[in-house]
Amino acid sequence: MLLLRCPYCGVDADETELAPGGEAHLTREGPNSSDAAFEAYVFLRRNPRGVHFERWRHAYGCGKWFHAARDTATNQVFGTYTAQCSAPPQDLLDRIADATGGERA
Amino acid sequence: MSEFLSRPYEGFARVEQSAPRAMVSLRGDLGSQAMAAAVSEVSGCAIPEPLRLTQAAQDDDRGGGQTSGQSGAQHGGQYGAACLWMSPDELLLLGPAGTGPELAARLTEALAGQHHLAVDVSEARALFRVSGPAAREVMMKITPADVARMGPGDARRTRLAQIAGALWMEREAAIEVACFRSVGAYVAELLTTAARSGGEVGLLHPAAT
Amino acid sequence: MSYRLEQGGLRIDRSRRIGFSFDGRGTEGFAGDTLASALLGTGRRVMGRSFKYHRPRGPVTCGADEPNALVNLGQGGRAEPNQRATVTELFEGLTATSQNRWPSLAFDVGAINARLSRFLPAGFYYKTFLWPRSFWKHVYEPVIRASAGLGRPPEGPDADRYEHLNVHADLLVAGGGVAGLQAALMAGRAGVSVLLVEETAHWGGRAVIDAATDGARIDGQPVADWVAAAVAELGSMANVTMRLRTVAAGLYDHGFALAWERVTDHRPWDDAPRHRLWRIRARHVVTATGALERPIAFPGNDLPGVMLAGAVREYLTGYGVAVGREVVVVTNNDDAYRTAHALKAAGVRVPAILDVRSGVASGAPAAAREAGFRVLERSAIAKVTGGSSVEAVTLTSGETIICDAVAMSGGYSPVVHLWSHTGGKLLWDETQAHFRPDPDRAPLAADGGAAATAAGAATGGLTLAETLASGGQAAQAALTRLGHAEADAATIATAEPEDVLPMKPVWMMPAEATAAQRQKMWLDYQNDVKVSDVQLAQREGYESVEHAKRYTTLGMATDQGKLSNINGLAILAQAKGEAIPQVGTTTFRPPYVPISMGSIAGEARGGLFQPIRRTPMHALHDEAGAVWEPVGHWRRPFAYPQKGETRDEAVQREIAQVRGRVAMLDASTLGKIVVKGPDAGRFLDMIYTNMMSTLKVGRCRYGLICSENGFLIDDGVVARLGEDEFLCHTTTGGADRIHGHMEEWLQTEWWDWQVYTANVTEQWAQVAVAGPKAREVLESLGGLDLARDTLPFMSWTEGRLGDIPARVFRISFSGELSYEIAVPASRGPELWRALRRAGKPHGIVPYGTEAMHILRAEKGFVMIGDETDGTVIPQDLGLDWAISKKKDDYIGKRAQMRPHMADPERWKLVGLETLDGSVLSHAALALEDGQNALGQRRTQGRVTSTYRSPTLNRGIAMGLVRHGPDRMGEVLEFSRVTGGTVQVRIVDPVLYDKEGKRQDV
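Residue numbers (this note's numbering), protein chains in the order written: chain A, -19 to 85; chain B, 6 to 214; chain C, 3 to 1003.
Treat the hints loosely; a few may be bogus.
[Said to hold, decoys possible] Residues from chain A that face chain B, not an exhaustive set, calculated with beta carbons under 8 Å:
# : residue
1 : Tyr(-12)
2 : Gly(-10)
3 : Val(-9)
4 : Thr(-4)
5 : Gly41
6 : Lys44
[Claimed, not checked] Computed spacing ranges between beta-carbons, pair by pair:
#  : chain 1 : residue 1 : chain 2 : residue 2 : range
7  : A       : Arg29     : C       : Ser828    : 51 to 61 Å
8  : C       : Ile602    : B       : Glu8      : 30 to 40 Å
9  : C       : Pro843    : B       : Gln38     : 51 to 61 Å
10 : C       : Lys427    : B       : Glu8      : 56 to 66 Å
11 : A       : Arg29     : C       : Ser695    : 43 to 53 Å
12 : C       : Glu631    : B       : Glu114    : 39 to 49 Å
13 : A       : Arg29     : C       : Gly867    : 34 to 44 Å
14 : C       : Lys427    : B       : Arg57     : 40 to 50 Å
15 : B       : Arg57     : C       : Gly79     : 38 to 48 Å
Calculated from the structure, these hints are not laboratory results.
Every value quoted in this text rests on a predicted model; they were computed, and no experiment measured them.
Cβ atoms here follow ideal geometry from the backbone N, Cα and C, with glycine treated the same way.
The shape of chain A in the complex, shown without the other chains (with noise of 0.2 Å):
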């Protein structure tokens, strides 16, 4: 049962005011793109076993969407961010590394 921070409100929310939303960081295809570019933006998506960015909403809370960085084998969350941003934080992705010895997520 997860306990997420939520980065809008500072509250650490429990798994049940939280709402999952899948990956993180998909750059949506539009009516010009491939066949294949949308296929895989609709619904290709990676399952790490492993650092996982992912999407969550504060839907019992504040509403918010927001992304946390996960291991999807231990749970361990690396932090959470706002969702307003197209790629993980430089500082987060620096900690990720840190952790798993250069691992990259």
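We have chain A; now place chains B and C onto it with these hints.
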């Protein structure tokens, strides 16, 4: 507002349906001067910090964040204007019953030219009050929020058993509860069940203030 | 026979006699007794029968690990099966009955199974499935059902109440033995918030019992005094919460733990929740969960009177109960010697102590000899004899010793359950032959550090001195994890180190047992799993520990292997010729002990089972005799049957009223979302398939919402409230979902767009007034000009209707002249009554959702959830007119260009008319010649909505059919649920008022 609880319930804490209050949902840039000015002008409240609320100063000195209003809490009255932090771009303004449309209109006017949304939601919600020294224990039975650490001035949106709701404290030993009106009957039963005598947990949880 | 001693019993109060009944017979115990100690005190050892062979059984343990002494407790609304007598505290009026016996505990016909045991080997259930099905149905199932099973499920609703409690703490200490007390003391003194829970009704655990025999002291004080002082000090700390009768049942991710409190099991007359489930968020957990003693497998080890040595001691010291008059002790370790001393001190004869070890010239064996005990080293039991109770033991030496009880000890296994629940790893300890927590591989917390620290006997350190030390060290580790200064080691209490001889792992005796002997050596008592069964499983190829467990049912009883796990593993390892750590353990899963279903449900029963959403007019519908339909969590009136009317008749009448005159519908449940901002129009152009930005203020437009996958997910009417403000209506079930959908796109994709949304669904009560007389009814209320030209079709206005502030939308879902009136929610009932009064001259009636459905179906309007099912795109439904060709983009546009979505072979919406006028079955299929790849009949379409139309006086339907719109007039064959087929003609879906004149008058 509909009647969900015809009279106060006396368990190991008191549960009552609160007197109606105007509620306006206000979205916008909470850090802007225009917002601070508009909220102050319309409600007399400052912009609250995250997970906090502010109260307007009142003539009878019961409001303004004072915690001396035990008698007020006991009688369910004397609650003044308040402004609750709901999310980074959303506030909930509380005012005198019946003034919701007017409050929303005044906010809209005061914020003209600034991107915002002020909408009357007074009718959309049911309000309850859980009071008494063990009020927090009642809430601990139905919400994962750390209620034990809440004190006057704190506000929190969270889960209440199976529905979404908001909790806040305008004074010590009284927790205000808001939910959608469609589930008012559910929440009334939920709170009275949780407050039923014999269910005292006996935890010592002075609010960490 | 067991009996109550004249004196002694730390836990009982001999001045308070407690009356209770067992199998209908009244008897007495003392306050502080458990049901098991009280029954033993009255001389009763047989308390139940085993699951498979119905063998008579008495308690083996004195705690939660008890496999045998299971009883039915209570009656009626308080009946509960499979309750362990060993953890059931006695109270006045307790009623218990034995289980799994017929007709009586003493004489049980099911015991015939034991005679048949060679036909009921390991894997019996599996094997029966391999035999012909008819055997299972006619032979095995009836036989097994008749003879298997333990208690009876209670009948009727549970009379008690239950609740949850959400608690946050810096430190959870699971276990209130001396290690847990030590850890809690140090953490409490450091000022962190501590929750200390103890499974039993007593603080101090085993140490208090042991000290009564060995006189051990802590910091120079008697153990009981130290415990009392520790409890008093903890009780005085405001930052410490302590709970007895509360077991930490499970440890989950991120410091979440469940603890189960038995609040009133011991005082059921109290008006209080029976059980409370603590949902704990702890920043760190100390698992001071103790250790469980293991039995030894020898022939006849399941006879009543054969018990764990520690349990024998606990009954004696704790309850003043001797389990027998002559007790043989058999052990592979020093601890059981305490039992011998305790028995002797209480005047119980101990004819011999059988120690499997050799060279026991020092330590406990030497001391025992000195004290006058007959200690036989390198000694083992060849068999225990007796009928329904121990009568004698025969040693491997051939000697027979007359006795009426056996105290056995196969060593101790740390309770590693909590530690293991979220992945804490174990080490195999060769010296003590047990698995213990590996401190270097603790379960992990959110930050990647240790989530838990083990303490006390749960670490494998079993002596009092080790227990205290590890309790203190656990507190130090926890405080470091919590960011507090490490507590001073000098504050850790100490005890004298003990000189303990190493135990010797012996898993069965005699070591060279014959096949016949192995069939009498029980491992899992409750499920009757014997050494021979595990060996058979291994021979038959079930070598993995998880397979062997399921094949034999070892460890699958209500004690979940607490007693049998390690012994079973050892036997399996021996059979495989492997070391125990290579075989590994089965998975430890929560809960540690069975917890009640009621506590899991908490308050969610009766009216709180599920939140029901009610509109402001709910009570008025009830008064009007509405029958209800669940729509999501909402309750909506399905129809309003009048006296003597069936539901269907009511629906037909309501429809006729809408078509002929006027009727009204509670539409409050429709979602209402305000969307405002400079980019609101642009945003809605992305949300809806059609163009919303061009909508004029004061006008309404029907719109479709698709997922990014292209599928239609919602529809509704959008009203433009102002230059930068829209009101979006959604379906009843769609309000929260579509509001979430909008917020998701705004927050995660177009966060630079200036748009705010608010879900104002419940701010308004909304009533649809539909029918040719609708305008007349509304005009009679006064206040608003609703003339055709002032308020044309698909426009809205606001003002006061009568004296109620209102928004009036001229929109129609019925095809008739129709208005939807929104008023502040609290004024809904007033509006409802006003409309009923005003409509009286026209015979106005309320109509329900079923009439609404049929009215829209007659008009060919689609319904989300009927015509759509998550695989349907707007183009399938002929809604191309609502898809903008001018827009570059909208959510779902790209997906609708994918080859499969643009495939002309997709099934498309048509109207369906049975040739005989009958009503089609729901989801009926249009048949086609031939079979598909699975050998099923090929199909070419299906029904999505089907009703009887009173307007057209025949069945009407809509459906999706391949090339449907190109096949108008063609007749297809549709399946019938009742069998056979029906001829159906493809027609236009709009069956009534094709020109749409009636709504635009």
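Results of checking the hints against the structure:
Against a cut-off of 8 Å between C-beta atoms, the interface hint on tyrosine -12 of chain A holds, since the closest Cβ of chain B lies about 5 Å away. A least Cβ separation of about 6 Å between glycine -10 of chain A and chain B falls short of the 8 Å threshold, and the interface hint therefore holds. About 7 Å separates the beta-carbon of valine -9 of chain A from the nearest beta-carbon of chain B, less than 8 Å, and the hint is met. Because the beta carbon of threonine -4 of chain A sits about 6 Å from the nearest beta carbon in chain B, less than 8 Å, this interface hint is met.
Hint on glycine 41 of chain A holds. Least Cβ distance to chain B is approximately 5 Å, under the 8 Å limit. Interface restraint check: lysine 44 of chain A against chain B, minimum CB-CB distance 6 Å, threshold 8 Å, status holds. For arginine 29 of chain A paired with serine 828 of chain C, a C-beta distance near 54 Å keeps the hint of 51 to 61 Å intact. As the Cβ distance of isoleucine 602 of chain C to glutamate 8 of chain B is approximately 33 Å, the hint placing it in 30 to 40 Å holds.
Distance hint for proline 843 of chain C and glutamine 38 of chain B: a CB-CB separation of about 58 Å, consistent with the stated range 51 to 61 Å. Our hint of 56 to 66 Å for lysine 427 of chain C and glutamate 8 of chain B holds, since their Cβ atoms are close to 58 Å apart. Range check, arginine 29 of chain A to serine 695 of chain C: Cβ separation about 46 Å, and the 43 to 53 Å hint holds. Between glutamate 631 of chain C and glutamate 114 of chain B the CB atoms are about 43 Å apart, so this pair conforms to the stated range of 39 to 49 Å.
For arginine 29 of chain A paired with glycine 867 of chain C, a C-beta distance near 38 Å keeps the hint of 34 to 44 Å intact. Our hint of 40 to 50 Å for lysine 427 of chain C and arginine 57 of chain B holds, since their Cβ atoms are close to 44 Å apart. Roughly 46 Å separates the CB atoms of arginine 57 of chain B and glycine 79 of chain C, a value that falls within the hinted 38 to 48 Å.
The structure shown violates none of the earlier numbered hints.
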